[in-house]
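Engineer: Listed in order, the protein sequences are those of chains Y and B.
Residue numbers for the first sequence follow the working numbering, so the first one is -17 and each next one is one higher.
Residue numbers for the second sequence follow the working numbering, so the first one is 14 and each next one is one higher.
Among the hints, a few may not be true.
[Claimed, not checked] Distance condition first, Cα-Cα at most 25 angstroms in a straight line; then the derived DSS-like pairs of lysine-lysine:
{"hint": "1", "chain 1": "Y", "residue 1": "K25", "chain 2": "B", "residue 2": "K185"}
{"hint": "2", "chain 1": "Y", "residue 1": "K52", "chain 2": "B", "residue 2": "K149"}
{"hint": "3", "chain 1": "B", "residue 1": "K187", "chain 2": "B", "residue 2": "K63"}
{"hint": "4", "chain 1": "Y", "residue 1": "K25", "chain 2": "B", "residue 2": "K154"}
{"hint": "5", "chain 1": "B", "residue 1": "K124", "chain 2": "B", "residue 2": "K154"}
{"hint": "6", "chain 1": "B", "residue 1": "K149", "chain 2": "B", "residue 2": "K187"}
{"hint": "7", "chain 1": "B", "residue 1": "K185", "chain 2": "B", "residue 2": "K63"}
{"hint": "8", "chain 1": "B", "residue 1": "K104", "chain 2": "B", "residue 2": "K154"}
{"hint": "9", "chain 1": "B", "residue 1": "K104", "chain 2": "B", "residue 2": "K149"}
{"hint": "10", "chain 1": "B", "residue 1": "K149", "chain 2": "Y", "residue 2": "K25"}
{"hint": "11", "chain 1": "B", "residue 1": "K154", "chain 2": "B", "residue 2": "K182"}
{"hint": "12", "chain 1": "B", "residue 1": "K124", "chain 2": "B", "residue 2": "K187"}
[Said to hold, decoys possible] Which bits of chain B does chain Y cover? Going by a derived footprint, with three or more residues having C-beta under 8 angstroms, they are:
{"hint": "13", "segment": "80 to 90"}
{"hint": "14", "segment": "241 to 251"}
{"hint": "15", "segment": "254 to 262"}
{"hint": "16", "segment": "267 to 279"}
[Stated by the list, open to error] Incomplete in silico selection of chain Y near chain B, CB under 7 angstroms:
{"hint": "17", "residue": "A7"}
{"hint": "18", "residue": "G8"}
{"hint": "19", "residue": "G17"}
{"hint": "20", "residue": "S19"}
{"hint": "21", "residue": "L24"}
{"hint": "22", "residue": "L40"}
{"hint": "23", "residue": "T54"}
{"hint": "24", "residue": "F69"}
Please keep in mind that the hints were generated in silico from the structure rather than gathered at the bench.
Ideal Cβ positions, reconstructed from N, Cα and C, are used throughout, including at glycine.
Spelled out from the first residue to the last, the chains are:
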Amino acid sequence: MHAVEQHIHTLPTRGSTFTVFAVLAGLALLALFIGFSDLGPLKVVASLGCASVQAGVLAYFFMDLKQSDKLTWLCVASALFFTGLQFLFTLTDYLTRHLGVL
Amino acid sequence: MVGPVAHHFNNMAQQQASVRLGMWLFLVTEVLFFGGAFCAYTVYRIWFPKDFEAGSAALNVGIASVNTFLLLASSLTITLAIRSCYESDRKGLMRNLLLTTVLGTLFLGLKAREYHIDYQEGLVPGVFGYLTPHAKEAYEKERAVNPTLPETPENAFNENLKYALSHSKVYKGKPGEDYEPYRVQLFFMFYYSMTGLHVLHMVVGLGLLVWQMVLTATGFFDYSARYVYIETMSLYWHFVDMVWMFLLPLLYLAGPHTATQAMEQFQMAIGLGGGH
């Protein structure tokens, strides 16, 4: 049997599903709290940090990354990696143009 | 009952793994798709931070806040649907799929209402020339003080935005000093295109959910091993939820807002009074 065939998923319990939902709802409230606060330049950092944690919890539990095989993790890693490259090359291009003109 | 395994798979576990991988590969392309939009947004927000702050201040954060929780609840119900299918609970599966569909539809309904409010306030970028009655009155008062201004404003959006922000209870910026109205159009272009793309994905998701409800009714999911198709649908739905988690702080919370303002805006949106 190949590794992928041995990778049987067991479904989470209802209790754990509701717990994860409660965590996500709490993080959403935190995101709104950050959004309604006056944190200056830190606000966007804190907001995106909170959103990243929310996305991580959603992916790990609800999207079942917790039990996923290495190929799925490779998909996630490649998505993040290539998005990172997308941001890196675009920003290094655009943010080094029009210096002093805008 | 286990369910049929297609001939080109060794066993059910391999078939299920392939189904999941297919959806994950599609989601990788979706990350890159939305990533492009977020990347462009990042560039312009770094270039014009104050203008993006002003644009965000003009949005209805009340509706956005409620929509966040509607989507989260729909992620919960679709996750519960997976378990219902696994346990061969057809009624539970139908109920959870229906709940997910209803929550998603409520999201779209509130989104449509939000777009309508934005249109009524004249916050549509471009040269469409729709000047709201309030903005027209404010412009005429300005023209009475400064007769050198043209009879009709050059760009209706600029005047509509100036009126909307001047009447915000939270945003205190001044046009020309803190923001340039014509630059705020860039923000609104991103707002409509990014939320519009998200809406498009929601509509596709709702269509798929309805299809899965039809399949449930026909007994397709009576084979408990087919829960993997509900799980695959849930992957897509959770991804759409994930995109919203980033849209909320970048579009709606970039500018100053308060919880009181959010509640008032939501009440106003659903016709229970309140203000901007």
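Engineer: A separate judgement is required for each hint: does it hold in the structure or not?
Structural biologist: We went through each hint and held it up to the structure:
1. K25(Y) with K185(B): 18 angstroms, holds
2. K52(Y) with K149(B): Violated: K52(Y) and K149(B) sit about 61 angstroms apart, past 25 angstroms.
3. K187(B) with K63(B): 11 angstroms, holds
4. K25(Y) with K154(B): With Cα atoms ~37 angstroms apart, K25(Y) and K154(B) exceed 25 angstroms; violated.
5. K124(B) with K154(B): Answer violated: K124(B) to K154(B) is near 34 angstroms, above 25 angstroms.
6. K149(B) with K187(B): Holds, at roughly 18 angstroms.
7. K185(B) with K63(B): 12 angstroms, holds
8. K104(B) with K154(B): Violated. K104(B) to K154(B) sits at ~63 angstroms, over the 25 angstroms cutoff.
9. K104(B) with K149(B): 56 angstroms, violated
10. K149(B) with K25(Y): 35 angstroms, violated
11. K154(B) with K182(B): Given that 25 angstroms is the threshold and the Cα spacing comes to 21 angstroms, the pair holds.
12. K124(B) with K187(B): 28 angstroms, violated
13. 80 to 90: holds (count 6)
14. 241 to 251: Coverage by chain Y holds here, the residue count being 4 at a Cβ distance below 8 angstroms.
15. 254 to 262: holds (count 6)
16. 267 to 279: That given contact holds, which follows from 6 residues of the segment 267 to 279 of chain B lying within Cβ reach (below 8 angstroms) of chain Y.
17. A7: 6 angstroms, holds
18. G8: 10 angstroms, violated
19. G17: 3 angstroms, holds
20. S19: 10 angstroms, violated
21. L24: 13 angstroms, violated
22. L40: 6 angstroms, holds
23. T54: Check passed: Cβ of T54(Y) comes within 5 angstroms of chain B, closer than 7 angstroms.
24. F69: Constraint on F69(Y) satisfied, holds at 5 angstroms.
Comparing the model with each numbered hint stated earlier shows that hints 2, 4, 5, 8, 9, 10, 12, 18, 20 and 21 do not hold.
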